[in-house]
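Engineer: Residue strings, one per chain:
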Amino acid sequence: MDTERCTIPQLGLVFFPAFDWAISPDHPEREERLLYTRDQLVEEGLLDLPGVMEFRPKVATENDLKRTHICIPSIPAVLTKAHLIAAGGCITAAKAVMEQKVKKAFALLRPPGHHAMRLVHGARGFCTINNEAILIEYIRKHYGSHLKIAVVDTDAHHADGSQDIFYNDPGVLHISLHQDGRTLYPGTGNLDELGGPGAYGLTLNIPLPPGSGDRELLFVTKNLVLPVLEEFQPDLVINGAGQDNHYSDPLTHMQVTAQGYAELNKLLQPDLVVLEGGYAIEGALPYVNVAIILALLGMDYSRVLEPDGQRDLVPPPPGALELVKKEVAYLRGVWAKRREIDLDKIFGTAPYYRRERRIYYDTDDILEHQVDQIKRCNKCSGYRVIYSRAQKRVAREISVAVVHLPWHVCADCRAEAESAYERLHPDGGLDRVYLQDVEKEVFLEKQ
Amino acid sequence: MRYIIGIDVGGTNTNACLLVIDQGGQGHVLKMAKAPTRHEDLFTSTRQALAEISDEISSADCRDLEIHLSTTLITNAIVEGKGDPVATIITTGPGLAPEAMGFAFPVSLVGGVIDHRGRETAPLVMDEVRSALKAAVDQGARAVAVVGKFSPRNPGHELAIEDLIQQEFPGLYPPTLGHRLSGRLNFPRRVNTCYLNAKVARLQREFIDRIRDTLLWELAALSARTGQEAQKTRLRVFLLKADGGTIEMEKAVNRPVETILSGPAASVMGALALTEPSESCVVVLDIGGTTTDIAVLVGGKPLAEKDGAVVGGFKTLVPAFFSRSIGLGGDSTVSYQEGRIKIGPTRAGTAAALGGDALTPTDAIVLTEQGSFGDYQRALTVLENFSRNTGGSPRELAEEIHQAFCEQAVAAINGIFADLNSCPVYTVSEVLVPRGLKPEKIIGLGGPAAFYIPRIAHLLGVPYEVLPYYEGANAVGAAASRPTAAITLRADTALGKVTIPELDQVTDLARPALFDRRKAEQLALESARGYAEKIGAYYPEAQFEVDEEEVFNMVRGFYTVGKLFTMKAQVKPDVIKVVPK
Chain G
1 MDTERCTIPQ LGLVFFPAFD WAISPDHPER EERLLYTRDQ LVEEGLLDLP GVMEFRPKVA
61 TENDLKRTHI CIPSIPAVLT KAHLIAAGGC ITAAKAVMEQ KVKKAFALLR PPGHHAMRLV
121 HGARGFCTIN NEAILIEYIR KHYGSHLKIA VVDTDAHHAD GSQDIFYNDP GVLHISLHQD
181 GRTLYPGTGN LDELGGPGAY GLTLNIPLPP GSGDRELLFV TKNLVLPVLE EFQPDLVING
241 AGQDNHYSDP LTHMQVTAQG YAELNKLLQP DLVVLEGGYA IEGALPYVNV AIILALLGMD
301 YSRVLEPDGQ RDLVPPPPGA LELVKKEVAY LRGVWAKRRE IDLDKIFGTA PYYRRERRIY
361 YDTDDILEHQ VDQIKRCNKC SGYRVIYSRA QKRVAREISV AVVHLPWHVC ADCRAEAESA
421 YERLHPDGGL DRVYLQDVEK EVFLEKQ
Chain A
1 MRYIIGIDVG GTNTNACLLV IDQGGQGHVL KMAKAPTRHE DLFTSTRQAL AEISDEISSA
61 DCRDLEIHLS TTLITNAIVE GKGDPVATII TTGPGLAPEA MGFAFPVSLV GGVIDHRGRE
121 TAPLVMDEVR SALKAAVDQG ARAVAVVGKF SPRNPGHELA IEDLIQQEFP GLYPPTLGHR
181 LSGRLNFPRR VNTCYLNAKV ARLQREFIDR IRDTLLWELA ALSARTGQEA QKTRLRVFLL
241 KADGGTIEME KAVNRPVETI LSGPAASVMG ALALTEPSES CVVVLDIGGT TTDIAVLVGG
301 KPLAEKDGAV VGGFKTLVPA FFSRSIGLGG DSTVSYQEGR IKIGPTRAGT AAALGGDALT
361 PTDAIVLTEQ GSFGDYQRAL TVLENFSRNT GGSPRELAEE IHQAFCEQAV AAINGIFADL
421 NSCPVYTVSE VLVPRGLKPE KIIGLGGPAA FYIPRIAHLL GVPYEVLPYY EGANAVGAAA
481 SRPTAAITLR ADTALGKVTI PELDQVTDLA RPALFDRRKA EQLALESARG YAEKIGAYYP
541 EAQFEVDEEE VFNMVRGFYT VGKLFTMKAQ VKPDVIKVVP K
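Taken in sequence, the protein lines are chains G and A.
Residues in the first sequence are numbered from 1 upward in steps of one, following the working numbering.
Residues in the second sequence are numbered from 1 upward in steps of one, following the working numbering.
A hint or two may mislead.
[Unchecked claim] Mimicking DSBU-like on lysine-lysine, the simulated pairs with C-alpha atoms at most 35 Å apart in a straight line are:
{"hint": "1", "chain 1": "G", "residue 1": "Lys95", "chain 2": "A", "residue 2": "Lys534"}
{"hint": "2", "chain 1": "G", "residue 1": "Lys101", "chain 2": "A", "residue 2": "Lys534"}
{"hint": "3", "chain 1": "G", "residue 1": "Lys266", "chain 2": "G", "residue 2": "Lys345"}
{"hint": "4", "chain 1": "G", "residue 1": "Lys81", "chain 2": "A", "residue 2": "Lys134"}
{"hint": "5", "chain 1": "G", "residue 1": "Lys95", "chain 2": "A", "residue 2": "Lys438"}
{"hint": "6", "chain 1": "G", "residue 1": "Lys101", "chain 2": "A", "residue 2": "Lys441"}
{"hint": "7", "chain 1": "A", "residue 1": "Lys438", "chain 2": "A", "residue 2": "Lys497"}
{"hint": "8", "chain 1": "A", "residue 1": "Lys134", "chain 2": "A", "residue 2": "Lys315"}
{"hint": "9", "chain 1": "G", "residue 1": "Lys81", "chain 2": "A", "residue 2": "Lys306"}
{"hint": "10", "chain 1": "A", "residue 1": "Lys438", "chain 2": "A", "residue 2": "Lys251"}
{"hint": "11", "chain 1": "G", "residue 1": "Lys222", "chain 2": "G", "residue 2": "Lys326"}
{"hint": "12", "chain 1": "A", "residue 1": "Lys441", "chain 2": "A", "residue 2": "Lys315"}
{"hint": "13", "chain 1": "G", "residue 1": "Lys95", "chain 2": "A", "residue 2": "Lys301"}
{"hint": "14", "chain 1": "A", "residue 1": "Lys581", "chain 2": "A", "residue 2": "Lys519"}
{"hint": "15", "chain 1": "A", "residue 1": "Lys534", "chain 2": "G", "residue 2": "Lys58"}
{"hint": "16", "chain 1": "A", "residue 1": "Lys301", "chain 2": "G", "residue 2": "Lys101"}
{"hint": "17", "chain 1": "G", "residue 1": "Lys101", "chain 2": "A", "residue 2": "Lys134"}
{"hint": "18", "chain 1": "A", "residue 1": "Lys315", "chain 2": "G", "residue 2": "Lys103"}
{"hint": "19", "chain 1": "A", "residue 1": "Lys438", "chain 2": "G", "residue 2": "Lys58"}
{"hint": "20", "chain 1": "G", "residue 1": "Lys58", "chain 2": "A", "residue 2": "Lys342"}
{"hint": "21", "chain 1": "G", "residue 1": "Lys95", "chain 2": "A", "residue 2": "Lys572"}
{"hint": "22", "chain 1": "G", "residue 1": "Lys58", "chain 2": "A", "residue 2": "Lys563"}
{"hint": "23", "chain 1": "A", "residue 1": "Lys572", "chain 2": "G", "residue 2": "Lys103"}
{"hint": "24", "chain 1": "G", "residue 1": "Lys222", "chain 2": "G", "residue 2": "Lys345"}
In short, the hints are calculated from the structure, not lab data.
Go ahead and model the full structure; you've got the sequences and the hints to work with.
Structural biologist: Spelled out as structure tokens, the structure:
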């Protein structure tokens, strides 16, 4: 009956603009954010193109969330229906690609997710739960835990949430291109953040000097991202498509154009694209999203130009490209030698690698103190115990412990992790204790 | 008394129905008639059906007569590519290249850009418009469509081009302008809609002129019979549209494209007029001679196409009921392939039992019904001949044909529901269709409905209803239809402007800060009423409603700078309830 369905459409689109959800009425992450983008997509008639198929977002389930996150004190306490649909929409997009209903998919939705870490006490960087991480865990649960996945996050802000979740995960390569953390939230994403003892070299950060534009972004893509992907041979490439590198974005200091974004996607050819940030809602988003969609469709995007005639576009500062070239050279060196490096020199010789961090939740004004202990194991990536204390302003401090069993956890680590969970008691300063066993899909909690 | 004649020109037959409307506003069928449709001359079929019906009026006290006409004229013209050569002038701006929009006809791109909020970001280049029109006229264009990207947000460029055409190219006047045909966004669909409209405008005009002449003649004959003066009968003629609404014929001259796909709409309106609304999910099956049209009611309301009708491969913005047509009918071909009977999809011609020579599903019915209609002997002979290939007796073959017919109908219904449940493409009263829709009841109409509907319902395992007057229930539907009309209001208080494209209106708000939701709704309703009056869709009992509404705060740099209101207001779709005898 419908001959267009006989060949697999090039692009699946999941659109969820969350027109009734905002962090606060005048917040950049507000109802209006995707309004003009919707108008532009509809007026362009993009959904009528033979290569495009629209999907309804599903609602993420409790287990979809628990595979990735520990929501403290509970899931309903930290998030809303809109978050569940945004995460569910990403799963819908992933399913469409994995089940070959479409070749590629674009989850054009909000609220965004890439600042949300494994432990969620509230919202940070406008994000509460990590849409990309949730879709990755869904894929590994339903289509094979050995699937290798690469995330290339091109939001102007460092994808510190995704980095946190996959820091010690050998199945996920996480590359983040962002404005230098010394000049922008969240401040992390330096060259020396390269992954935990179980996945060293699989976290790569390229801090771009403020003022970098298409030239710098595309240089990194061609000279670092593509060669690394070529060698990693991922089963799936995901682009965390933040659009706040645009020259007209009010929150950042980058100079990327709609054409630059299209070129990036043409080069990268991601299987899945997930919208992250981007707050130039009238002058950039409508055009950047059309450009990305056309690039993913393999169509001509040369006419997608900002209507301001790029009046506010500033040339990159002198030396920006030179600096970026040095960073790329450094990271290619790390990548080439990642298997030969003596991990004991970096992570010590103790049976557990321990790191301490303070994490600030700017959106909800929460300060968290975290101690993360990773078992040094040569049979698996090592189980983890994470201790976390968090306090919102003058509210009572909440203190928890999380025992995390990664994919392909070895028998020794499993036994040790399970007894660690037995041993940890929600008293003596701990409000709650959680067990997160992704492989067996067992999520326990005691208080 | 108030009378309405409904005429539906179908693929095989033209049906007509005479309704009288009682004091309570309910309709009663006085007479049904039918005539074979002549595709080469729709006008004559229409006139023939009309003549049969109007005999009945002669005895009645006729003060007020309406004729509701559902024709295939425009649909056929589009499918067959008939009409005038059209010059299509477009303005675009950033986005998809015009070559990528897949237009099946040449377009001329001229300079000028309007953005998503309706701001002009590049002025219209008049010299380019002029030379594009000149070139088109040189190549023989006789009609013109003018469409700008985002023209519903600011029709300024389209209106300026219209002025230029009126002054410098009067032969092409009036043009079809995008913003007047639809206030909805979707530029490629708007271009298709306007192109088709411009292309068939002359055909529609000629048809309407002939109908008008005939009707005046019929009316004179009528008054001669009744002894009344013709002037005492108020005659109004309406055309049926794809959304089941009517439009006054004289006003339809400029909007012919809206009268496409009125046939399937007439079937749905017949079902709505002749049944009580039901909460369940109802499949409306109109089984004709050539095709079966399938539509769906949810909660008593017809499903609509989300963006607009698709006709002859053209995606348009014409509001339309959701309807799918399959090549399965009483006059379809019967073939024997790989040990199985297959019906359709092409038309075989008149059934042997009715004087033709091909075997059709109708012959199988004649045999099973033992000649309650048609020629039993001829049916038997044609089935006997065919059964030499298939084996078995003619009676067994007839059963196999019935079974194949019903199974094909069920397969089509199941396919439609699979599509409905997977794609977010259809709306019920502008609310997304809930997931997990499944057929819960069948309403059937069309010639062979009484025979097939019980069997199809049995296969699907759902209850059914065969409409009263099922043979011509689509004509009852045409008669029972009422006008529809809608406007789009867009108020942008930061720009201080209100735009109502359908009315060519762009007004400055005197005090933007005081313009609120209540005022926007009030203005939308008033404008819908004004628009209905302008296009001949107003009637005294009409109710007006705002059926889509979006309100956004616009925040720039942490300050609220204004509000955006987008509303659709309309004549509430309605139907005259028809009480069966």
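Engineer: Now, for every hint given, state plainly whether the structure supports it.
Structural biologist: So, going through the hints one by one against the coordinates:
{"no.": "1", "hint": "G:Lys95 <-> A:Lys534", "result": "50 Å, violated"}
{"no.": "2", "hint": "G:Lys101 <-> A:Lys534", "result": "47 Å, violated"}
{"no.": "3", "hint": "G:Lys266 <-> G:Lys345", "result": "40 Å, violated"}
{"no.": "4", "hint": "G:Lys81 <-> A:Lys134", "result": "57 Å, violated"}
{"no.": "5", "hint": "G:Lys95 <-> A:Lys438", "result": "24 Å, holds"}
{"no.": "6", "hint": "G:Lys101 <-> A:Lys441", "result": "31 Å, holds"}
{"no.": "7", "hint": "A:Lys438 <-> A:Lys497", "result": "45 Å, violated"}
{"no.": "8", "hint": "A:Lys134 <-> A:Lys315", "result": "28 Å, holds"}
{"no.": "9", "hint": "G:Lys81 <-> A:Lys306", "result": "25 Å, holds"}
{"no.": "10", "hint": "A:Lys438 <-> A:Lys251", "result": "40 Å, violated"}
{"no.": "11", "hint": "G:Lys222 <-> G:Lys326", "result": "14 Å, holds"}
{"no.": "12", "hint": "A:Lys441 <-> A:Lys315", "result": "30 Å, holds"}
{"no.": "13", "hint": "G:Lys95 <-> A:Lys301", "result": "33 Å, holds"}
{"no.": "14", "hint": "A:Lys581 <-> A:Lys519", "result": "47 Å, violated"}
{"no.": "15", "hint": "A:Lys534 <-> G:Lys58", "result": "44 Å, violated"}
{"no.": "16", "hint": "A:Lys301 <-> G:Lys101", "result": "31 Å, holds"}
{"no.": "17", "hint": "G:Lys101 <-> A:Lys134", "result": "47 Å, violated"}
{"no.": "18", "hint": "A:Lys315 <-> G:Lys103", "result": "24 Å, holds"}
{"no.": "19", "hint": "A:Lys438 <-> G:Lys58", "result": "20 Å, holds"}
{"no.": "20", "hint": "G:Lys58 <-> A:Lys342", "result": "39 Å, violated"}
{"no.": "21", "hint": "G:Lys95 <-> A:Lys572", "result": "40 Å, violated"}
{"no.": "22", "hint": "G:Lys58 <-> A:Lys563", "result": "31 Å, holds"}
{"no.": "23", "hint": "A:Lys572 <-> G:Lys103", "result": "42 Å, violated"}
{"no.": "24", "hint": "G:Lys222 <-> G:Lys345", "result": "31 Å, holds"}
Checked against the numbered hints listed earlier, the structure breaks hints 1, 2, 3, 4, 7, 10, 14, 15, 17, 20, 21, 23; every other hint is satisfied.
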